[in-house]
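Chemist: If you read the sequences in order, they're chains A and B.
FYI, the numbering used here numbers position 188 of the first sequence as 188, with every residue one higher than the one before it.
FYI, the numbering used here numbers position 306 of the second sequence as 306, with every residue one higher than the one before it.
Think of the hints as simulated: they come from the structure by calculation, not from any bench.
Given the structure is predicted, the values throughout are model-derived calculations rather than measurements.
Treat the hints with care, since some could be wrong.
Have a look at the derived ranges for each label pair, beta carbon to beta carbon [as the list claims (entries may be wrong)]:
no.: 1; chain 1: B; residue 1: 12; chain 2: A; residue 2: 238; range: 31 to 37 Å
no.: 2; chain 1: B; residue 1: 324; chain 2: A; residue 2: 27; range: 23 to 29 Å
no.: 3; chain 1: A; residue 1: 191; chain 2: B; residue 2: 25; range: 33 to 39 Å
Derived pair list, reagent style DSBU-like, types lysine-lysine, alpha-carbon separation capped at 35 Å [as the list claims (entries may be wrong)]:
no.: 4; chain 1: B; residue 1: 67; chain 2: A; residue 2: 87
no.: 5; chain 1: B; residue 1: 35; chain 2: A; residue 2: 87
no.: 6; chain 1: A; residue 1: 85; chain 2: B; residue 2: 312
Heads up, the beta-carbon is just placed ideally off N, CA and C, and yes, glycines get one too.
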Amino acid sequence: MEFVSPEGLRLDGRRPLEMRQLRAEIGSISKADGSAVFEMGNTKVIAAVYGPREVENKSQQISDKALVRCEYTMANFSTGDRVRKPKGDRRSTEISMVIRQTMESCILLEKFPRSQIDIFVQVLQADGGTRSACINAATLALADAGIPMRDLVTSCSAGYLNSTPLLDLNYVEDSAGGPDVTVGLLPKMDKVTLLQTDVALPEILQMDSKLPIDIFENVMQLAIEGCKAVANYIREASKGVEFDQIFLTYIIPGSQHFKDFRK
Amino acid sequence: MVPSMSAFENTSANTEVEVFRRLYPLEFYDRLLDKSVRLDARSLRHFRDSTVAFGAVSSANGSALVKIGSTTMLAAIKMEIMTPSVEAPDEGNVAIEFHMPPICSPVVWPGRPVEAAPVISKQLTDTILRHVNPSEFLLADSYFLSFRVKYFVKCSGMIDLKELCLVSGKAAWMAYLDICCLDADGGLFDAALLSAAAAFSHLQIPVVSLNEEGRVFIVSEEEAGKSKKEAVNKEKRKLNLRSIPLSLTCILHKNYIIPDPTAEEESIIETSVTVVMDSSDQLVSLYKPGGQILAFSKAIQECVELTRQRVKELLRILEAAVSDMEVD
Numbered sequence: 001m002e003f004v005s006p007e008g009l010r011l012d013g014r015r016p017l018e019m020r021q022l023r024a025e026i027g028s029i030s031k032a033d034g035s036a037v038f039e040m041g042n043t044k045v046i047a048a049v050y051g052p053r054e055v056e057n058k059s060q061q062i063s064d065k066a067l068v069r070c071e072y073t074m075a076n077f078s079t080g081d082r083v084r085k086p087k088g089d090r091r092s093t094e095i096s097m098v099i100r101q102t103m104e105s106c107i108l109l110e111k112f113p114r115s116q117i118d119i120f121v122q123v124l125q126a127d128g129g130t131r132s133a134c135i136n137a138a139t140l141a142l143a144d145a146g147i148p149m150r151d152l153v154t155s156c157s158a159g160y161l162n163s164t165p166l167l168d169l170n171y172v173e174d175s176a177g178g179p180d181v182t183v184g185l186l187p188k189m190d191k192v193t194l195l196q197t198d199v200a201l202p203e204i205l206q207m208d209s210k211l212p213i214d215i216f217e218n219v220m221q222l223a224i225e226g227c228k229a230v231a232n233y234i235r236e237a238s239k240g241v242e243f244d245q246i247f248l249t250y251i252i253p254g255s256q257h258f259k260d261f262r263k
Numbered sequence: 001m002v003p004s005m006s007a008f009e010n011t012s013a014n015t016e017v018e019v020f021r022r023l024y025p026l027e028f029y030d031r032l033l034d035k036s037v038r039l040d041a042r043s044l045r046h047f048r049d050s051t052v053a054f055g056a057v058s059s060a061n062g063s064a065l066v067k068i069g070s071t072t073m074l075a076a077i078k079m080e081i082m083t084p085s086v087e088a089p090d091e092g093n094v095a096i097e098f099h100m101p102p103i104c105s106p107v108v109w110p111g112r113p114v115e116a117a118p119v120i121s122k123q124l125t126d127t128i129l130r131h132v133n134p135s136e137f138l139l140a141d142s143y144f145l146s147f148r149v150k151y152f153v154k155c156s157g158m159i160d161l162k163e164l165c166l167v168s169g170k171a172a173w174m175a176y177l178d179i180c181c182l183d184a185d186g187g188l189f190d191a192a193l194l195s196a197a198a199a200f201s202h203l204q205i206p207v208v209s210l211n212e213e214g215r216v217f218i219v220s221e222e223e224a225g226k227s228k229k230e231a232v233n234k235e236k237r238k239l240n241l242r243s244i245p246l247s248l249t250c251i252l253h254k255n256y257i258i259p260d261p262t263a264e265e266e267s268i269i270e271t272s273v274t275v276v277m278d279s280s281d282q283l284v285s286l287y288k289p290g291g292q293i294l295a296f297s298k299a300i301q302e303c304v305e306l307t308r309q310r311v312k313e314l315l316r317i318l319e320a321a322v323s324d325m326e327v328d
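Isolated chain A, as found in the complex (with noise of 0.2 Å):
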């Protein structure tokens, strides 16, 4: 299947370097301490985060910083076929631990000891991404409720199918078997939190005496390109009081031409 055309075009229409239109609205859910929602193209998720609160389980409670709990959940009506057990199974499950490791890294938790800080993120629409989708609403929703952190963390993933690295896979890219690197990043910092690659099928890369790896780290520097766009663009959307919805479309110095719309 061809996934990049003779043109350089993807299925979408997109250049390879080319990211997904990022979209986010911050304070959507008034009961909550913050919210946001985040879409990157057709993925689109809502976060919010209670906290500091009273830890549910005092048996869990820490005594010299907070306890961070974080839940990822999918929509019924979130994919082509619907989700039968939204939460509970594995790959949730996987998610959520991934979510809360990687914001665990960026709050500043000795503040808040014996306390607990809930995110909780909803798929509304899944096209790919979702996971960093979800982490960048969640660090805006960490942002809204107020809670003191190092960075940001932003997160972009990235891929390599027809021998083109791809930036920002959707969901048939990212099902298509390629290798595929998402990358959690503080910007400011310019560290790395998270890491996860899928392994790819070696028929998907067509070649037997060349060595994965420098495939992979090309993949994973335009990754971490990609977090810094988002970077970019959160920090667009979070300026001034009124936290407006901003379209915006990145793609990456370096390549052909450059498209910024601004609503």
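Given chain A's structure and the hints, the job is docking chain B onto it.
Modeler: Relative to the frame of chain A, chain B by itself:
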């Protein structure tokens, strides 16, 4: 900057008010009600602003985002093809489920399922589909209601399941309606029912055709143009909704009947009455689950009257949203 004395006095007065509100919520509410004001500064009979937006979930066959005040519901319908049951070979089916994920409210914790969610799921299913048995809903106070209130308790009949049939005995639609509460600020059933009605108004039934073995399958958007197979149901893409049921919850406190409560009001006042009426001005159901205040028939009549006003308003909002959608 040194704060002036008056500013300092104000803040301490504000703190006292906040403390009183937290410690003695019922007395605080009573004092406000005496001045005909509610906790969120509304007047006693004021309904919150409601909005309906279609197409919130682009991957679903029909969807709607409904807000009543801060209460936010996202409803989405996904259609699947199933074999109809033997007892009803030319009827499809609708499965309604209401979810309250932890994002919606600080009182919802993962691992501790909310009581309200399955209760509301069942109430929605009963209201939209099933014939309601009167004895299920009328409680011990039933003899107060018998004389003045004229009611026809029936299946609301919003959806005719026969419209969901494709090939009698072989294929029919199964519509999965999932309503996700994104923000729980009181009046959950009202908002959920409105979002269900809105989602069905927006529903676009997918195009189907028959494959070689005579089985019905859904034709996806891209294939529709290229496929040589005739689409079986090209003309019939929208459901015909007959009477749309809509509801209003009122809380009863002393002599006051207060419509459209917020979550804070619901937590203070235990007694509530939910009235469901349909667009043809008929009473579909009445629900008063216990509570300290016993409702005399006059109170119930007043609730029904308030519901009638509210339903008219909601229908107007719904129709405006539908006509906007058709313009697009």
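Chemist: All hints, please: hold or fail.
Modeler: Status of the hints after comparison with the structure:
| no. | hint | verdict |
| --- | --- | --- |
| 1 | B:12 <-> A:238: 31 to 37 Å | 34 Å, holds |
| 2 | B:324 <-> A:27: 23 to 29 Å | 26 Å, holds |
| 3 | A:191 <-> B:25: 33 to 39 Å | 47 Å, violated |
| 4 | B:67 <-> A:87 | 26 Å, holds |
| 5 | B:35 <-> A:87 | 47 Å, violated |
| 6 | A:85 <-> B:312 | 38 Å, violated |
Checked against the numbered hints given earlier, this structure breaks hints 3, 5 and 6; the rest are met.
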